[in-house]
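Visitor: Here are the chains, one letter per residue:
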Amino acid sequence: MRPADLTPVARDVMKLPASAGLMFFSLLLGYMVSALPWGGRWLLTRPDVLLIVLIFWTVHEPRSIGQGIAFVMGLLMDVGDSMLLGQHAFAYVVATFGAQVLRVRILSFSIPEQTLHVLGLTMAASAVTLLLNLLLGADFPGYAYFISPLVTALLWGPVNWLLYSQAVRRRRESTP
Amino acid sequence: MIRQSPSFFHRGPSPLARLTFFTLAAIALMIADHRFHALEAMRLSLSVVVHPLQAIARMPSEGFAKVGDYFRNQQQLLEENRELKARVLENAAAAQETRLFRAEQQQLLQMSAARGKYAEGGVIAEVLYNARNPFTRKIVVDKGLTQNVQAGMPVIDGSGVVGQVTSVGTFASEVTLVTEKDQSVPVMVVRNGLRGVAVGAGKDGLIEVPFMPVSADIEAGDMLVTSGIDATYPPGLLVAKVTVVDKKAAYVFAKIAARPAAGVDNYRYVMLLPLPPAGAPRPETRSAEDLRKGAKERPRRRDAPR
Numbered sequence: 001m002r003p004a005d006l007t008p009v010a011r012d013v014m015k016l017p018a019s020a021g022l023m024f025f026s027l028l029l030g031y032m033v034s035a036l037p038w039g040g041r042w043l044l045t046r047p048d049v050l051l052i053v054l055i056f057w058t059v060h061e062p063r064s065i066g067q068g069i070a071f072v073m074g075l076l077m078d079v080g081d082s083m084l085l086g087q088h089a090f091a092y093v094v095a096t097f098g099a100q101v102l103r104v105r106i107l108s109f110s111i112p113e114q115t116l117h118v119l120g121l122t123m124a125a126s127a128v129t130l131l132l133n134l135l136l137g138a139d140f141p142g143y144a145y146f147i148s149p150l151v152t153a154l155l156w157g158p159v160n161w162l163l164y165s166q167a168v169r170r171r172r173e174s175t176p
Numbered sequence: 001m002i003r004q005s006p007s008f009f010h011r012g013p014s015p016l017a018r019l020t021f022f023t024l025a026a027i028a029l030m031i032a033d034h035r036f037h038a039l040e041a042m043r044l045s046l047s048v049v050v051h052p053l054q055a056i057a058r059m060p061s062e063g064f065a066k067v068g069d070y071f072r073n074q075q076q077l078l079e080e081n082r083e084l085k086a087r088v089l090e091n092a093a094a095a096q097e098t099r100l101f102r103a104e105q106q107q108l109l110q111m112s113a114a115r116g117k118y119a120e121g122g123v124i125a126e127v128l129y130n131a132r133n134p135f136t137r138k139i140v141v142d143k144g145l146t147q148n149v150q151a152g153m154p155v156i157d158g159s160g161v162v163g164q165v166t167s168v169g170t171f172a173s174e175v176t177l178v179t180e181k182d183q184s185v186p187v188m189v190v191r192n193g194l195r196g197v198a199v200g201a202g203k204d205g206l207i208e209v210p211f212m213p214v215s216a217d218i219e220a221g222d223m224l225v226t227s228g229i230d231a232t233y234p235p236g237l238l239v240a241k242v243t244v245v246d247k248k249a250a251y252v253f254a255k256i257a258a259r260p261a262a263g264v265d266n267y268r269y270v271m272l273l274p275l276p277p278a279g280a281p282r283p284e285t286r287s288a289e290d291l292r293k294g295a296k297e298r299p300r301r302r303d304a305p306r
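Residue numbers (this note's numbering), protein chains in the order written: chain L, 1 to 176; chain X, 1 to 306.
Honestly, the hints are just simulated from the structure, not real lab data. Among these hints, one or two may not hold up.
[As the list claims (entries may be wrong)] Covered stretches of chain X, going by a simulated chain L footprint (3 or more residues, C-beta under 8 Å):
(1) 17 to 24
(2) 74 to 84
(3) 136 to 149
[Said to hold, decoys possible] Partner residues are not named here, just some residues of chain X that face chain L (Cβ under 7 Å, in silico):
(4) 29
(5) 30
(6) 34
(7) 46
(8) 47
(9) 97
(10) 133
(11) 174
(12) 202
All values derive from a computational prediction rather than experimental measurement. Heads up, the beta-carbon is just placed ideally off N, CA and C, and yes, glycines get one too.
The whole structure should be built from the sequences, with the hints applied where relevant.
Guide: Structure (structure tokens):
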């Protein structure tokens with residue numbers, strides 16, 4: 001095994017995983033924030049909180065959260081947003097796949113560099129949604145469309161602070 | 001690029017295999033939903049899970065709004081206001097009917113034989129939220145199957161046509177706005193009875209009237225009301241006001257832009273009108289797909305040598 005694998009990732013893998021309740025409630029909260037009545041001019045800047053939480057758990061708890069959960073959450077988003085069923089699901093699965101592939105790399109960086117990686121993932125998810133809608137005959141909504149993935153990626157820091165500090169504290173208390 | 005874990009850490013299919021599987025599943029879902037509209041039942045059952053969550057998510061903002069109202073106004077005024085708004089909606093259909101009557105008087109047209117009754121059994125609904133993505137123009141209202149809402153019901157507000165119910169859930173329904181791309185409403189000009197079709201432009205607050213000849217008698221400021229020939233919208237509901245008419249001899253058709261009469265983006269309560277009773281059978285039924293094909297063919301004909 002490469003030494004890089006032993007440093008941040010392998011150390012965490014040996015410890016107690018985050019509680020299922022924390023994962024469930026953070027995803028639920030992410031969904032609720034997305035379900036807030038955003039409208040008008042703010043619509044384009046709406047951060048996809050659910051996506052960032054999904055990416056977070058995929059990176060930190062890959063054995064619990066993966067593409068299956070992402071798919072289901074995406075379907076729920078599609079129903080809530082009254083879009084064609086499967087659009088969000090597709091976008092989330094693509095982003096989660098990216099997170100699974102890149103997680104070892106992401107975890108070896110500090111938060112600002114991690115944010116750049118996450119920006120790539122959120123951009124990919126938005127691009128998937130955009131392409132699907134263009135294929136279905138929608139008009140290009142303007143470049144402001146890419147503000148939303150940017151804002152979403154910028155949430156990586158706060159989400160990390162909020163969730164990771166919780167998870168870490170939990171692990172440290174319960175493992176000797 | 002993809003790190004394969006050694007086989008003794010067996011963790012199921014590889015990420016790439018999973019990606020392929022879920023991508024195919026998503027594409028299959030989209031095709032089923034888009035082409036065959038086969039997933040209404042699935043959407044319906046998911047919406048039973050989703051709508052309570054959304055109701056909870058709306059609570060804070062609604063709570064804030066309510067507290068704000070309390071400090072700004074007296075409770076009594078609020079009550080009265082709400083009542084009046086409901087009454088305005090109830091009267092809206094009648095008021096708009098009157099507008100048509102006046103036009104008819106002037107033109108001595110005999111159209112009243114074709115008029116269906118409406119605003120009887122209409123459902124007043126509160127707008128829950130706008131569909132939250134930049135690609136669709138839909139709103140979700142708080143009445144569904146439990147209040148006998150049906151897909152296809154026309155939706156109006158105090159000043160005009162808002163759109164049409166396109167999907168019905170248990171406790172909520174989706175209304176596609178008249179400004180949604182390709183959402184069409186048969187209209188006529190109040191001034192002279194000229195018929196046409198108002199089609200949403202897919203941009204906020206814009207309706208187009210395509211396929212009007214350059215010689216058509218239509219000018220900026222004309223009011224467009226529903227003509228009622230589609231047996232969906234009752235006749236005489238105000239749809240839009242023409243803002244720009246661009247007639248150049250080089251065009252085959254005039255370019256006509258209109259602004260929706262209803263406050264398509266800012267309303268709280270709307271009224272769902274009942275579908276008119278089925279009249280005489282239609283001579284031929286053409287799906288939206290055929291109509292779109294027909295629309296595409298027509299400009300092409302111009303290129304053919306004459």
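Visitor: Does residue 34 of chain X pass the interface check with chain L, least Cβ-Cβ distance below 7 Å?
Guide: 6 Å, holds
Visitor: Taking 7 Å as the limit, does the beta-carbon of residue 30 of chain X come near enough to a beta-carbon in chain L?
Guide: At about 4 Å, which falls below the 7 Å cut-off, the nearest Cβ of chain L leaves the hint on residue 30 of chain X intact, so it holds.
Visitor: Taking the closest Cβ pair, is residue 133 of chain X under 7 Å from chain L?
Guide: Holds, because the Cβ-Cβ distance from residue 133 of chain X to chain L comes to roughly 5 Å (cut-off 7 Å).
Visitor: Quick one, is the residue 97 of chain X hint okay against chain L at 7 Å, beta carbons?
Guide: Not OK, violated: residue 97 of chain X not within 7 Å of chain L, min 31 Å.
Visitor: Holds or violated: residue 29 of chain X as interface residue toward chain L, Cβ cutoff 7 Å?
Guide: With a closest approach of 4 Å, the residue 29 of chain X hint holds.
Visitor: Was the hint right that residue 174 of chain X lines chain L, CB cutoff 7 Å?
Guide: With a minimum Cβ separation of about 5 Å from chain L (threshold 7 Å), the hint on residue 174 of chain X holds.
Visitor: Holds or violated: is the Cβ of residue 46 of chain X closer than 7 Å to a Cβ in chain L?
Guide: 4 Å, holds
Visitor: Classify the hint on residue 202 of chain X as holds or violated, based on whether any CB of chain L lies nearer than 7 Å to its CB.
Guide: 5 Å, holds
Visitor: With a Cβ-Cβ cutoff of 8 Å, does the segment 17 to 24 of chain X contain at least three residues near chain L?
Guide: Result for this restraint: holds, n = 4.
Visitor: Examine the segment 74 to 84 of chain X for residues whose CB is less than 8 Å from any CB of chain L, and state whether their number is three or more.
Guide: violated (count 0)
Visitor: Next item in the hint list is residue 47 of chain X. Is there a CB on chain L closer than 7 Å to its CB?
Guide: Status holds, d = 5 Å.
Visitor: Verify this for me: three or more residues of the segment 136 to 149 of chain X with a beta carbon less than 8 Å from a beta carbon of chain L.
Guide: The restraint on the segment 136 to 149 of chain X holds, since 3 of its residues have a Cβ under 8 Å from chain L and three suffice.
Hints 2, 9 from the list above are not met by this structure, while the remaining hints are.
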